[in-house]
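Undergrad: Sequence:
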Amino acid sequence: MELSEEWKSLFPISAVFKSPLLLSSPSIKPILGPLVFNPIPNTISSLSFSSSLLPPSHPFPQLSFPQFLLTSSFDSFLPPSTSSSIVSVFGTNHHQTNVTSNFLNNRLELLRCPGTNNLIIFFPTGENSDQIGFLLLQVKDSCFNVRDNGDVFMASFNLKHQILRISVNPVLDSGSEFSTSRENSFGTIGYLFACTLYSIHWYVIKVKEIGSDTEVPSLTYVGSKVFKTCCIVHACWSPHLPEESIILLENGALFLFDMESALKTDGLNGNCKGSRLKVSWEDSSHFGDHKWLSCEFSWHPRIFIVARSDAVFIVDFRYDQCNVNCLAKIEMLHMYTSIGNERFQAVKKAGPDGFHFALASDSLLLLCDVRKPLTPVLQWAHGVSNPRHIDVFRLSDLRSNLQDDIYKWASDSGFCIIVGSFWNCEFNLFCYGPSSQALNGSTVNRATKFDKSYYAWGYPSNLLLSGHVCPCGSCLVKEEFLKDDLPAWIDWQRKKEVILGFGIINKDLSSLVSKPDEFGGFMLVRLLSSGKLELQRYSASWESIKLIEEPHEKLSQFEDYLMFPPFDEEYKFQKTYHYLDLGYLNSYLNGNLDEIIVSKMKLPLTGSGSVVKESFSLEFHEILCEKLNLCGLSRSRSSPTVTVVFRDINLPSSIHEVALRRLWADLPVDFLQMAFSNYSEVLEVLVARNRMSLEFLAVPDHPQLPPFFLRNPSLRSNKWSQKVKPPDLLVGPVLPLPILLALHEFHNGCQSTEEQSAGFTAEAELRRCCDEVKQVAREVANSDSGSELHKDHVISLDDDREENVSQTAKPFFLHHPSAFHTGAISHTDEQSAYKDEVFGTLISKVSEEHASVDTTETIGLEFFDSVCPIKLSFDDTFAMNFEMKELKAYKLLKKQFSKWQGDFDLYGQFVSMTKPVT
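Taken in order, the sequence shown gives residues 2 to 919; the numbers are from our numbering.
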């Protein structure tokens, strides 16, 4: 059955059996020639190595937020079901744009100097890749030599932001004009722009004397354009008018810039003026998660190809009104892929006529024609992950320097598309061209010379752009195992030498340094993540290479290549890492802290008994006893009551905080001595074989129960020195409360057997103490009114509901803020002590009423008791008096405060409960 060309193009090569547009039979091979390109062994030559060629380093970890939740949900505090529900809100298709943005585009651009054997290599450089750098590659004595100034040449203008894309546009036929008309004048050989995230910058590439091998090119800054509200997606030079370029923003806006006016002015460093092209996207309100990708010039200077992740458009500005037509839609691919997850990824103009363009989606590569909308010319299954890079070459550029002309027709008529991903180090080659019937001499077949239909020439082949990778099965499997061994937060691309950019050298230059080959080949310049610039030769072959002996035995482990910042000097000091033993913390989180303490207590002491005994000095014991005595706890106490702990409350405290103070105060002085120490004992602690000074907060002088919440921060910065010595103060806690509780339980009768300690946890002890605090609050409240502690409304510890009420002030009150209302928070674990009831119910003292302050006498800090709903306590060092000036300011502030209190009902209710009952 004879099928039409449009029908044949619906069957992708490598996706269906016997694709009708595939030329791969043995009879075709002698006509087309070899279409596979392999690196020639032992042809790698190093051109340059510099830290300026390194990409900018990035902080770790590199996991996106959804990936972090998914990978950290195992063996963590977050249940997998919870993390999955959060990820579903954010979506799983979040790319690591902060990392991969440096690997989406080719970091190398090549420009031939007209009239010479020189080649300029451009690339981003600088500590943040914010400058344009270049090297001069010269052919001398049949070899390529790099000319530099000790390092790379750099443009004088710093862009201040990381360069994400560079592009060069050569100026044709300009050499003769400048070299003959002006002696020793600078001649323009090309233009260059550099794109950051929100700006684009234009340069002019000049040489002092065109055709001279001795002159180093220069970059002259022309101007820039900054887009403050929208980032740049893509930019492109015009192949018709070299000074023009178009820019596509992420919102679909198109801008056309012409450097001709800026080049005519004497002062260049200004803003280039452009014009926004008024394009009306009919479905602009239905973009959804679709993203704009790329823009290209078509066959006319005012016809553009604009690509989005779901469609490709042709925009025609030849007439007064803009005309937009759809060239391709993602729905075209529904026969061979799931369009629900399929997106277009990259677009590139193909061929010199401007009618064809290559379009890559997640799974398919399409060759399209602007004259045939919604109908692909050719399709391939490319097999590349995240294909963000496309390059199109003539086959004659890749099969240059042929020994004879047996494949001349195929080389001149064929094209090659390179589709790949720098981030994933994958590149595949796709060859296509006209039908081979055009070679025949019959009248019918001579008519086919005018047929513009294209056929795929052979199957796609892998292009090994890196000469340091062996493609054999053993090496591929070994590499996959090495990737799996890396932690989830480390990208394997940072542990491997990958390609950051490449360029194919002009066939005229490559013929000067290589001998003619039987099947032809090309020379490749590549930039590696290790900072090396290399040159390698490739040759056309019939079969893909199976084994590269040189790198075959070297793949034993991944090395670090992209973790080093691009500094000129190496790090001069020895790198040391400190590792923390979190065994106790892990045991506490798993609920078996008592077990690990019992096991540790059974081990022999590493230090002498005298050293342990010396830390419990008599002076230390007396100081702790004195501080506890000031809080109402005598030395002979058996266990403090909760009411004693209540008296220590000066600021609003939750039930959880009161319970913690109760547990701290319940510990014997001997155990408190383990929790609190002085700087002479903790001045230097052995950590990872190095002695390090630790720092803790000092215990205050005014009465407080442990753990002494109100403390002043230390005045030192890092380490104590001979000039600044540590004070002789009590500091701490140096041990957390769960450790002390477990030791106390072990000391009270669990020394004999390990089974007796089973069942005790700090969580259970804290829960028991929280219940005790709530029970005491009920008893105090019930002593007058019989009210109970409710977690959904405010009550008082002295709630008096009888008509003959007390005239004394309420000592304490409870308040439950509306933000902690139980209806707003759901609890899955009803047994847990950490519920909003123990955290959201606040206990505080009631401020006392004082006489009127409208006097001229000096007043102290008690002045604030009439305006503050809680009991305030000040240090003695903060004592001061107020006079007439302060009294005037106080009255003004109190008036403003009273107005705010009257307008805020919730605060008014809160204050009313703190007032004395009258």
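Some clues are possibly wrong.
Stated by the list, open to error - The calculated lysine-lysine pairs, modelled on DSS-like cross-linking and capped at a C-alpha distance of 30 Å, are: (1) Lys161 <-> Lys141; (2) Lys207 <-> Lys279; (3) Lys516 <-> Lys484; (4) Lys229 <-> Lys279; (5) Lys896 <-> Lys886; (6) Lys533 <-> Lys207; (7) Lys274 <-> Lys207; (8) Lys30 <-> Lys516; (9) Lys207 <-> Lys508.
Simulated from the structure, these hints should not be mistaken for lab results. Note that this is a predicted model, so its numbers are computed, not measured.
Undergrad: If a hint holds in the structure, say so; if it doesn't, say that too.
TA: Hint-by-hint comparison with the structure:
This hinted pair does not check out: Lys161 and Lys141 have alpha carbons roughly 37 Å apart, beyond 30 Å. Note on Lys207 and Lys279: the hinted pairing is violated, with a Cα-Cα distance of about 34 Å set against a maximum of 30 Å. Proposed proximity of Lys516 and Lys484 is contradicted: the alpha carbons are some 40 Å apart, above 30 Å. In summary, the hint linking Lys229 to Lys279 is supported, as the alpha carbons are separated by about 19 Å, within the 30 Å threshold.
For the given pair, Lys896 sits about 16 Å from Lys886 by alpha-carbon distance, which is consistent with the 30 Å threshold. The hinted pair formed by Lys533 and Lys207 meets the criterion: a straight-line CA distance of about 26 Å does not exceed 30 Å. Distance hint between Lys274 and Lys207 is fulfilled; the C-alpha atoms sit about 22 Å from each other, no more than 30 Å. Using a Cα cut-off of 30 Å, the hinted pair Lys30 and Lys516 holds, with the two alpha carbons roughly 24 Å apart.
For a cut-off of 30 Å, the pair hint linking Lys207 to Lys508 stands: about 23 Å separates their Cα positions.
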